[in-house]
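Novice: Throw the hints in and build the complete structure from the sequences for me.
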Amino acid sequence: MSLAPRTPDLKANLGVSNGAFGTIISTGSIGSIIMLLIGGQIVHRIGAKRALQIGSTGIALTYSLLVHTRSPILFVFLNITAGACISIYHIASSGHTLHRQDELGRVIIPKLHGAWGVGAMSTAAIAFAISTHISIALHITTLMIIVWVLTQFSIIKLSNTFPINSDSDDQYQVSSLKQFKFKINWFLSLGFFCASIVEFTIADWATLFGKEELGMGASIATLNYLIYLLGLIIGRYSIGWALGHQSERFWIKTAGLLGGPGFTTMLISSTLLVDNNKNLAFTVALIGFLLAGLGSSAMAPIFFSIAGRLYNGKNALAVAQLSFVNTSFIFIAKTILAWVVEITSITTALVIAGTAMLALLYFGKIGSTLRHLAPDKSR
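Residue numbering for the sequence shown follows our numbering, starting at 238 and increasing by one per position.
If you are wondering where the hints come from, they were derived from the structure by calculation, not from laboratory data.
Among the hints, erroneous ones may be present.
Said to hold, decoys possible - Derived SDA-like pairs (lysine to any residue); straight-line CA-CA distance at most 20 Å:
{"#": "1", "residue 1": "286", "residue 2": "390"}
{"#": "2", "residue 1": "348", "residue 2": "545"}
{"#": "3", "residue 1": "490", "residue 2": "606"}
{"#": "4", "residue 1": "286", "residue 2": "349"}
{"#": "5", "residue 1": "515", "residue 2": "456"}
{"#": "6", "residue 1": "394", "residue 2": "336"}
{"#": "7", "residue 1": "448", "residue 2": "520"}
{"#": "8", "residue 1": "602", "residue 2": "345"}
{"#": "9", "residue 1": "448", "residue 2": "606"}
{"#": "10", "residue 1": "448", "residue 2": "602"}
{"#": "11", "residue 1": "448", "residue 2": "394"}
{"#": "12", "residue 1": "490", "residue 2": "589"}
{"#": "13", "residue 1": "286", "residue 2": "345"}
{"#": "14", "residue 1": "286", "residue 2": "448"}
{"#": "15", "residue 1": "448", "residue 2": "390"}
{"#": "16", "residue 1": "394", "residue 2": "291"}
{"#": "17", "residue 1": "286", "residue 2": "250"}
{"#": "18", "residue 1": "448", "residue 2": "517"}
{"#": "19", "residue 1": "448", "residue 2": "545"}
Quick caveat, the model's predicted, so the values are computed rather than measured.
Specialist: Written as C-alpha cells, this is what we have:
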C-alpha cells in the first residue's frame with residue numbers, strides 16, 4: 238500500500254498515459270487470481286511458516302525492483318509476481334489466523350483489519366511527509382528492507398504457534414483446486430464487488446486525482462488517500478460496536494449511501510469549486526474521501542461473515558471462493574476504469590465506482606436483520 242500515495246511517481250517513471258498506467262497496475266490481479274487457485278495446496282504442503290517467509294521475501298524483492306524500472310514490460314512481470322506473493326502471504330496468514338482463533342477461543346480477525354488500516358495509513362503519512370524530498374526508489378527500497386526484517390522477526394517469534402503436522406491443519410487451507418466447486422452465489426459476489434470497488438479505485442487514483450484534477454502539490458495530493466484510510470480505520474475498529482446497535486443490513490445500506498452519493502457528491506463539488514476557491518475544493522474532496530473510507534471500511538468483514546454462514550461455517554472455503562470471484566471482477570473493472578480515465582477523466586472513474594457502491598441499497602438485503610453479529614472473517 239506504500240505505492241498508492243506515490244502513483245504519480247510510478248507513472249512518471251514509466252512515461253505512459255493514464256489508460257496504459259491503469260492497465261499496467263491492474264495486472265497484479267493476474268498473479269493474485271492464479272495464486273488463489275493453487276496457493277492453498279502450496280501452503281498446505283510447505284506449511285504456513287515457510288509460505289509466510291517466501292511470500293514476504295517475494296513482496297520485498299518485487300516492490301524494490303518495481304520502483305527502479307522504467308520498462309513497462311518488466312513492470313508488468315514484476316507486478317504479476319508481486320500479486321502472487323501477496324496472495325500466498327494472505328492465504329498463509331489468513332489460514333493461520335483461523336487456526337489461532339480456534340486455539341485462543343476469541344475473534345481476532347476484525348482487529349487485524351484495523352491493524353492493516355493503521356499500517357496503510359502510516360505509510361501514506363510517511364509518503365506525505367517525504368514525497369517532495371526523497372525519490373520513490375529510495376523510499377520504497379528502504380521501507381521494504383525494514384518491513385522484511387520486522388516480518389522475519391515476527392515469524393520467528395510465532396514459531397511455536399505453527400502446527401507441526403500440516404495434515405492436522407487441513408481445515409485451515411484457504412484455497413485449493415480440489416476445494417473450488419464453482420457454485421457461485423452471484424447475489425453475494427456482486428454485492429461484495431459493489432462494496433469493494435471504491436477501495437481499489439481510490440488506491441489507484443486518489444493521489445493522481447488530487448494532483449491532476451485539483452492541482453494539488455505532490456505532498457498535499459497524498460492527503461486524499463491518507464484521509465480515506467483514516468475513515469477506513471475508524472470504521473474497522475468500530476465494527477463490533479456498530480453491529481451491537483444496528484444490523485448488518487442497516488450498515489450495508491448505510492455504507493452504500495456514504496460511499497455512493499456521499500462520496501460522489503463531494504468529489505464532483507470539489508472539481509466545480511477548484512477554479513474559484515482551491516482551499517474549499519481541497520476540503521470538500523477530503524470530506525468525500527473520508528466518507529468513502531467510512532462507507533467501505535466494514536464491508537469486507539461483514540460480507541465474509543455472511544459468506545461463512547451461507548457456506549455453513551466453512552470459513553476457509555468461503556474466504557477462498559469470495560476472494561477469487563471478487564479479484565476477477567476487480568481486475569476487469571480496474572482495466573475498464575483505466576481506459577475510462579484515458580477517454581474522460583479520473584473524476585469520472587471515481588464517480589462510476591461510487592455509483593456502483595450505491596447498489597448496496599439493493600444488495601443490503603443479504604445481510605442479517607439481527608444485532609450483535611460481529612463479523613469474524615477475513616478477506
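Novice: Give a verdict on every hint.
Specialist: Hint by hint, here is what the structure shows:
1. 286 with 390: 12 Å, holds
2. 348 with 545: 18 Å, holds
3. 490 with 606: 12 Å, holds
4. 286 with 349: The hint holds at about 18 Å.
5. 515 with 456: Holds. Residue 515 to residue 456 sits at ~16 Å (cutoff 20 Å).
6. 394 with 336: 17 Å, holds
7. 448 with 520: Status holds; Cα separation ~14 Å.
8. 602 with 345: 27 Å, violated
9. 448 with 606: Judged against 20 Å, a Cα distance of about 42 Å means the pair is violated.
10. 448 with 602: The given pair, whose Cα atoms are some 38 Å apart, is violated under the 20 Å limit.
11. 448 with 394: 42 Å, violated
12. 490 with 589: Between residue 490 and residue 589 the Cα gap is close to 18 Å, so the pair holds against 20 Å.
13. 286 with 345: 19 Å, holds
14. 286 with 448: The hint is violated at about 41 Å.
15. 448 with 390: Violated, at roughly 38 Å.
16. 394 with 291: It holds: about 17 Å lies between the C-alpha atoms, which stays within 20 Å.
17. 286 with 250: 35 Å, violated
18. 448 with 517: 16 Å, holds
19. 448 with 545: Roughly 41 Å separates the two Cα atoms, so the pair is violated.
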